[in-house]
Amino acid sequence: MYRYDELDQAFVEQRVAEFRDQTRRYLAGELSEDQFRPLRLRNGLYIQRHAPMLRIAIPYGLLASHQLRRLADIARRYDRGYGHFTTRQNLQLNWPALADVPDILAELASVQMHAIQTSGNCVRNVTADHLAGIARDEVDDPRPYCELIRQWATLHPEFTYLPRKFKIAVTGSPEDRAASEVHDVGLHLVRGDDGALGFAVLVGGGLGRTPIIGTCIREFLPLSELFAYLEAILRVYNRFGRRDNIHKARIKILVKSLGAERFREQVEAEWEAGRESAPHPAAAEVERVRAFFRPQRYETLEDFDATAGRDSAFRAWYRYNTRPHRVPGYRAVFVSLKAHAAVPGDMSSAQMEAVAALAERVSFGLVRTTHTQNLLLADVRQRDLFDVWRELAALELATPNIGTLTDMIACPGLDFCSLANAGTIKVARQIQQRFDDLDYLYDLGEIELKMSGCMNACGHHHVGHIGVLGVDKHGEEWYQISLGGSANGRTALGEVIGPSVPQHEVAPAIERIVEVYRELREDGERFIDTLRRVGHDPFRERAYALHPAAA
Amino acid sequence: MRCILRQRELVADPWRHLGEEAGDGDSLIVPFAQLRTDPQRWRTRSGPLGVRLAPADRAEELAAELPRLSLVAVEFPNPGDGRGYTTGRLLRERWRFAGELRAVGAGVRQDQVFLLARCGFDALELAEGEDPAAALRALQRYDVAYQPGAPGVALRRQRFFA
Chain A
1 MYRYDELDQA FVEQRVAEFR DQTRRYLAGE LSEDQFRPLR LRNGLYIQRH APMLRIAIPY
61 GLLASHQLRR LADIARRYDR GYGHFTTRQN LQLNWPALAD VPDILAELAS VQMHAIQTSG
121 NCVRNVTADH LAGIARDEVD DPRPYCELIR QWATLHPEFT YLPRKFKIAV TGSPEDRAAS
181 EVHDVGLHLV RGDDGALGFA VLVGGGLGRT PIIGTCIREF LPLSELFAYL EAILRVYNRF
241 GRRDNIHKAR IKILVKSLGA ERFREQVEAE WEAGRESAPH PAAAEVERVR AFFRPQRYET
301 LEDFDATAGR DSAFRAWYRY NTRPHRVPGY RAVFVSLKAH AAVPGDMSSA QMEAVAALAE
361 RVSFGLVRTT HTQNLLLADV RQRDLFDVWR ELAALELATP NIGTLTDMIA CPGLDFCSLA
421 NAGTIKVARQ IQQRFDDLDY LYDLGEIELK MSGCMNACGH HHVGHIGVLG VDKHGEEWYQ
481 ISLGGSANGR TALGEVIGPS VPQHEVAPAI ERIVEVYREL REDGERFIDT LRRVGHDPFR
541 ERAYALHPAA A
Chain F
552 MRCILRQREL VADPWRHLGE EAGDGDSLIV PFAQLRTDPQ RWRTRSGPLG VRLAPADRAE
612 ELAAELPRLS LVAVEFPNPG DGRGYTTGRL LRERWRFAGE LRAVGAGVRQ DQVFLLARCG
672 FDALELAEGE DPAAALRALQ RYDVAYQPGA PGVALRRQRF FA
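Chains as they are written, first to last, in my numbering: chain A, 1 to 551; chain F, 552 to 713.
Just so you know, not all the hints are guaranteed correct.
Per label pair, the in silico range of CB-to-CB distance [what the hints assert, rightly or not]:
1) F:Ser597 / A:Ala269: 38 to 44 Å
2) F:Pro618 / A:Asn456: 46 to 52 Å
3) F:Leu617 / A:Ala269: 42 to 48 Å
4) A:Ser32 / F:Leu617: 33 to 39 Å
5) A:Lys256 / F:Gly570: 54 to 60 Å
6) A:Ser32 / F:Leu561: 54 to 60 Å
Take a look, some chain A residues computed to stay more than 12 Å from chain F by CB distance [said to hold, decoys possible]:
7) Pro52
8) Asp137
9) Arg150
10) Leu162
11) Ser173
12) Arg239
13) Arg243
14) Gly274
15) Pro281
16) Glu285
17) Phe292
18) Ala308
19) Ala394
20) Asp529
Hints were generated in silico from the structure; no laboratory data involved. Everything numeric in this text was worked out from a predicted model, so none of it was measured. All residues carry an ideal CB built from backbone N, CA and C; glycine is no exception.
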């Protein structure tokens with residue numbers, strides 16, 4: 001993985017010193033709350049319902065074991081001994097004290113980490129395919145470009161005060177595992193006609209209260225033009241994006257109001273006009289960064305059937321929680337943060353430390369975070385899988401449910417977030433309890449359930465096969481259910497099936513919906529495929545069949 | 552007399568904004584909208600002329616006028632409105648404006664000056680109540696940067712030109 005050089009290290013240390021001074025001025029009354037807000041947000045610090053929340057950047061989801069250990073240590077000493085992994089591959093601490101935050105940031109800097117631009121109206125943490133570098137279908141590893149983007153976007157002099165937040169995802173595989181089509185910019189590594197590498201550039205996707213799928217405005221952008229083109233996009237957005245209404249300020253609204261074609265023309269004109277002054281990273285610099293992402297020193301091994309002679313529990317885990325690897329003899333292993341009684345994405349300090357130690361023994365000392373709120377050990381020898389399973393099981397991190405209904409995405413909701421309308425954690429628990437039978441879960445197969453506590457859509461409910469959105473009705477928590485969304489392969493936005501239901505009705509309604517699938521599915525058909533084939537009506541009818549909800 | 556930070560020094564400001572007391576020979580900053588309404592009135596003044604751009608003004612419409620101008624002031628009405636950063640870079644990089652480029656408005660605070668200087672602003676008319684000494688220190692908060700930028704701050708290392 002990338003390691004800081006002297007410039008990177010000096011930068012994060014100077015950033016900490018700056019924020020320490022800003023915090024001091026705020027606490028001394030020299031900065032008002034309004035003046036401090038944009039400064040603290042650009043260092044990942046929110047003021048939440050109960051306490052500040054600090055969002056720590058995990059650039060493109062890659063962590064070294066010593067970094068994970070430090071996160072565990074920080075969570076224990078400055079927080080309550082756990083953290084929450086998010087859909088942007090970051091880690092959130094829910095209970096730090098404001099006055100401690102500069103010290104926490106200094107500790108992060110000491111292990112080459114930071115919380116810069118994890119919030120605020122600026123370019124956010126860039127995300128990537130969690131199988132980057134090991135996927136069999138990969139065109140090229142997206143991570144060197146992610147790192148270059150991270151550096152370019154960090155305290156960019158022109159683009160640190162944008163109309164609204166700006167999220168970039170990069171994928172190197174034809175199968176989009178990074179939800180790139182619902183990002184402000186999605187970059188797909190592709191090969192041009194002559195075999196040269198470049199990017200397809202998608203713009204204007206996003207969730208929130210106006211969900212939109214991104215539009216491709218350039219089929220092929222040469223690698224060397226990446227930053228010139230990104231600057232052109234951001235410049236058009238910075239100048240002409242709306243600033244009068246926070247709900248209409250994302251780039252997707254600008255793209256929509258201009259029309260994708262006119263937006264594209266403006267970007268291309270700006271790109272052309274800015275050719276001389278736009279940044280082009282030196283070739284040596286690109287090579288320097290690429291060198292950090294060379295393949296691991298894999299052993300020469302052959303694939304073998306790790307499940308032979310093993311019991312059904314291990315077989316189930318192998319089937320659901322591991323993935324193929326580009327290199328023979330290896331597999332990628334999910335660390336499930338979706339245990340049946342756990343908050344989706346939460347992990348204790350003790351678990352983090354144990355996984356860090358495990359990664360050092362079996363996966364080159366590296367851990368990845370996924371946008372589905374799990375961790376991944378990317379490079380595990382197949383012959384180690386059984387031992388890894390036993391260790392993870394002892395840590396309650398081996399629930400064999402990855403890709404199933406209980407591997408749900410959920411935001412922290414009302415329990416922590418001051419924006420939320422609804423207690424998503426409670427609903428998640430009700431769903432886990434209702435679907436705690438693994439055989440039943442396996443019979444249902446691949447289903448993506450995504451839940452957000454408000455329309456800001458941190459839980460990506462629009463792109464869940466089943467989406468759940470918490471809404472406030474006269475001070476009560478109600479839940480809107482949508483069906484048919486998808487974020488990978490064929491991106492689609494779900495359609496709300498009808499009136500919202502009260503909290504205790506969410507899990508039963510989902511059960512009735514999946515029962516329809518069990519009745520109507522054809523051989524080997526996934527939930528989403530049945531839904532696409534037969535349409536929403538049969539599901540809609542049954543969802544409300546027993547308990548018609550008040551409109 | 553107003554003081555401003557110019558090229559990292561606190562100096563007395565010889566310029567007047569339209570509406571402030573000024574004689575015909577004084578250096579005067581006129582809003583772009585005024586200049587467009589009655590260009591001759593301002594061009595025939597004997598003193599140096601500067602133009603003030605509001606956040607929504609299109610800098611390209613000023614491009615033809617730039618050779619006649621000694622100063623362009625760009626408004627930052629609050630710290631969150633970042634349009635002026637783009638305006639600054641465009642004026643410097645695209646139209647090669649070599650006169651004084653000044654940031655003005657309530658958004659020009661010590662926590663913004665490093666970025667402003669990197670976008671080509673060589674003069675900072677700080678928001679009311681801002682401490683110029685603190686702003687001067689803030690120009691030196693970082694001595695490294697990832698992107699190319701204007702030479703307004705002293706950097707010992709930059710990335711993209713490395």
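Results of checking the hints against the structure:
1. In this structure the hint that Ser597 of chain F and Ala269 of chain A lie 38 to 44 Å apart at CB holds, the actual value being about 39 Å.
2. Checked against the given bound of 46 to 52 Å, the beta carbons of Pro618 of chain F and Asn456 of chain A, roughly 48 Å apart, stay inside it.
3. The supplied range of 42 to 48 Å is broken by Leu617 of chain F and Ala269 of chain A, whose beta-carbon atoms lie about 20 Å from each other.
4. The beta-carbon spacing between Ser32 of chain A and Leu617 of chain F, approximately 37 Å, falls within the hinted interval of 33 to 39 Å.
5. Between Lys256 of chain A and Gly570 of chain F the beta carbons are some 40 Å apart, a value that contradicts the proposed interval 54 to 60 Å.
6. In this structure the hint that Ser32 of chain A and Leu561 of chain F lie 54 to 60 Å apart at CB is violated, the actual value being about 25 Å.
7. Listed as a non-interface residue, Pro52 of chain A keeps its Cβ farther than 12 Å from every Cβ of chain F; the least gap is roughly 19 Å.
8. Interface exclusion of Asp137 of chain A from chain F stands, the closest Cβ pair being 32 Å apart, more than 12 Å.
9. Not every C-beta of chain F lies more than 12 Å from that of Arg150 of chain A, the closest at about 9 Å, which undercuts listing it as non-interface.
10. For Leu162 of chain A, the requirement that its beta carbon stay farther than 12 Å from each beta carbon of chain F is not met, with the minimum near 6 Å.
11. At roughly 28 Å, the least C-beta separation between Ser173 of chain A and chain F is larger than 12 Å, which holds for a residue marked as non-interface.
12. Distance check for Arg239 of chain A against chain F: the nearest CB is about 5 Å away, which does not clear 12 Å, and the non-interface claim fails.
13. Not every CB of chain F lies more than 12 Å from the CB of Arg243 of chain A, the least distance being 6 Å, so the non-interface label is violated.
14. A Cβ of chain F approaches the Cβ of Gly274 of chain A within 12 Å, the least distance being about 7 Å, so the stated non-interface status is violated.
15. The claim that Pro281 of chain A is not at the interface with chain F is violated, since a C-beta of that chain comes within 12 Å of its own (minimum 5 Å).
16. At roughly 6 Å, the least C-beta separation between Glu285 of chain A and chain F is not larger than 12 Å, which violates its mark as non-interface.
17. Distance to chain F confirms Phe292 of chain A as a non-interface residue, since its nearest Cβ pair spans about 15 Å, more than 12 Å.
18. With a least beta-carbon separation of about 51 Å from chain F, Ala308 of chain A lies farther than 12 Å from that chain, consistent with its non-interface assignment.
19. The claim that Ala394 of chain A is not at the interface with chain F holds, since no C-beta of that chain comes within 12 Å of its own (minimum 43 Å).
20. The claim that Asp529 of chain A lies off the interface holds: its Cβ sits roughly 45 Å from the closest Cβ of chain F, which is beyond the 12 Å cut-off.
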